[in-house]
Amino acid sequence: MRWIRPISAQVEESAEILGAKAHGLVALHRLELPVPAAFVITTEACRAFLREGSLPAGLGAELVTAMRGLEAATGRRFGATRTPLVVSVRSGASVSMPGMMNTILNLGLTSEATAGLAAETGDARFALDSRLRMLSGFASALTDISDGGVSAALDRAAARSSDDEEGRLADEIQAAQQLIRQRCGQPLPDDAPRQLELAVGAVFSSWDAPRARTYRELHDIPHDLGTAVIVQAMVFGNRDDRSGTGVAFSRDPNTGENVPFGDVLFGHQGEAVVSGRSPTRPLDELHAREPAVWAALTDALTRVEKHYRDACYVEFTFQAGRLWLLQTRPGRYTGAAAVRVATDLADECVITRHEALRRVSPRHLQHARTPRIATSARADVLARGAGACPGVAVGRVATTTDAAVRMAADGPVILVRPETSPHDMRGLAAVAGIVTARGGPASHAAVVARAMGKPAVVGITGLSIDAAGASVTAGGRTLGEGTVVTVDGTTGTLALGSPPITTDAADMHLHRLLAWADEASGNRTERDEVQRLNAARAALGHAPPE
Amino acid sequence: MTTPGSFSTDDDLLVLHALRCCGHTGAARLAAVTGMDESAVESELIDLAVAGLVTYEPGEFGAWGLTDAGRVADAQRITQQLEAAGARAAVTAAYERFMVLNPELLDLCTAWQLRPVDGVMTANDHSDSSYDARVLGRFTDLDRRAAAVCAELAAAVPRFGLYRDRLSHALTRAASGQLEYVADHIASYHTVWAELHEDLLATLGIPR
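So the sequence lines, in the order shown, correspond to chains A and B.
Read in order, the letters of the first sequence correspond to residues 1 to 546 in our numbering.
Read in order, the letters of the second sequence correspond to residues 1 to 208 in our numbering.
No wet-lab data here; the hints were simulated from the structure.
Incorrect hints may have been included.
[Stated by the list, open to error] Computed from the model, here is a short list of chain B residues facing chain A with C-beta under 7 Å:
hint, residue
1, G23
2, E38
3, R77
4, M99
5, L106
6, D107
7, A111
8, V117
9, D118
10, V120
11, A183
12, E195
13, E198
Glycine is no exception: its CB is placed at the ideal position from the N, C-alpha and C atoms.
Starting from the given sequences, assemble the full structure and let the hints guide the process.
Structure (structure tokens):
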């Protein structure tokens, strides 16, 4: 085939053609790890699409053939009433552009196939929920409405609906279809192969969305690379209560400690983790709830680490107690975590000491010097989110801007809000640290926190703020206004009380690494850490940074 | 009608609504936001305070702010203004277009503040003028698209035209080397943008 490659251990082509995601899936196949059946449409097809404005000649026929391959691999039929095959359609460029392009899950759930899935599983709610996810994916991809706008429209439909859950889902499905009909001038065809072509075109088009173009300009990524598209048999994290989805690092990305780390979300599909709309649980809860999945996952992490010879990251879904891997890449740790992983890997004889020195950039040492909660402190961690502005702040919880301004007269305050808006500017100015339940590293709170140089953690799922009751609930614990907490904006940690804070990177891992550095450079004079590392890297053929 | 403030001129609504969108602030900033003289703003504030709609909180972070009654009155009058102009559909459509631009604006603010160096997100110290120029270039591109949205809004409800002026002003300052006008100043592009976002939510009665 010209435009399509099945994803298997035999594929030899580069990430430039296959995209990084498909390239990672090929690696997982070679490691004999469980990957749902999939094929990839190459970046070349995307470039042709962008040139011509339509799917390149021959791709339609190849899609039909490739779907037959997925049908054979899964024993299911695309768009059929009995045992329907359902697929995801995802972007996957050769460079990372997180969240910039479209994804459509559960494709193939026509009204008939949805009825078929409901009959097969005996679970109409599950089938309708899956169809709704497909339609809302299409609504975002085919119209100029943002993801948030689509979910708001669906929420409004749900709010108008009766209490019965299936009835509510049916109403939301209607609303999503209505939205597509209104904005595209025609309904979404109730035909699986046609939906597939539309989805592939939508993902290709999203390469040139203004936001994606801006992202590439800012990150020096050429505009003519294009994205590959992966079409993969769905596994359903929302199938039952023995299903779920999550992300996992082979080692703690905050500290580098050699323990699996991540988030898991029971009974949901992948986009719920990424969007932050549902509260996730710490990864190790899998151990008790799904021991077989946990065992398979930790085994997979070990094998992927060995392959990359580095800490790694995977995205996974489990359906009815069975694990599937959907994506992998090297971990790309920074700061103190990068130092620890490099020295540990050298101690484990996975890499040489020289390789460890090459992997730690002087930037990582500088990053490691930012104040943070000491890892030895056994801090009482309430919750984790995304670190938005590095540094540590200790203060008393305030739940409103008014309270924050009032309390700031008596000492440092941490403002804890669902999210922030211009109304909170006065509060943001008055406080020592900022915590929000919603939003990512580019949210209003994050931008303002960095402008003011205040440690901030954003996007803590499961954090709720009761301004009327002057309390916050995080990690299942409720704290009254005035409770002392600590915000670590490097690691994204919210901790109870005031655990010890460290500002120097002089832990034993760094000492070992620097001793190896002196060995490599042959220079044992008194110098600072960055000079010692740079001297070693220069001796090993790495130019020091300008 | 006996609604407090409903008998008064549009200027008092402009000041009242500026407080709704900016949060607590002082008369000088309200003047910049509304395009009115500071003395005119002060006189409106005094009248609004007498009507119980705004109040002054003294102290280190002292500022004017809405009372609960002021919030209610603002919501009523801003809705009346919208419906009287028959502008709900136009403002809703413009809001949707604004929300498509919003994540890109936040990406740009982030890129202005942080840049990856050896995989580490590092504070942008603005020593690399070519990088800054690249980010500002993208701001200018986004601003062109935002201008179209602002024009639609101003055609529907003239008050929105003020945002266009303030956004242009911020970008012009930033481009002339006053870098704090991107995201670090009370009149920065990011601040004005966030106020416009808040105004759209308030005008359409959309909860956050």
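Quick rundown of the hints versus the structure:
Taking 7 Å as the C-beta contact cut-off toward chain A, the hint placing G23(B) at the interface holds, the least distance being around 4 Å. Residue-level restraint check for E38(B) is violated (minimum Cβ-Cβ distance to chain A is 20 Å; threshold 7 Å). Checking R77(B) against chain A by beta carbon gives a least distance of about 19 Å; that is not within 7 Å, so the hint is violated. Checking M99(B) against chain A: minimum C-beta separation of about 5 Å stays under 7 Å; hint holds.
Because the beta carbon of L106(B) sits about 4 Å from the nearest beta carbon in chain A, less than 7 Å, this interface hint is met. A cut of 7 Å between beta carbons decides the hint on D107(B): the least distance to chain A is about 6 Å, and the hint holds. For A111(B), the interface hint holds, the least distance from its beta-carbon to any beta-carbon of chain A being 5 Å, beneath 7 Å. At a threshold of 7 Å, the smallest CB-CB gap from V117(B) to chain A is about 5 Å, leaving the interface hint in force.
At a threshold of 7 Å, the smallest CB-CB gap from D118(B) to chain A is about 4 Å, leaving the interface hint in force. Using the Cβ-Cβ criterion of 7 Å, the hint placing V120(B) at the interface with chain A is satisfied: the shortest such distance is roughly 5 Å. For A183(B), the interface hint holds, the least distance from its beta-carbon to any beta-carbon of chain A being 5 Å, beneath 7 Å. With a least beta-carbon distance of about 5 Å to chain A, the hint placing E195(B) at the interface is held under the 7 Å criterion.
Checking E198(B) against chain A: minimum C-beta separation of about 5 Å stays under 7 Å; hint holds.
Taken one by one, the earlier hints fail for this structure at numbers 2 and 3, listed in ascending order.
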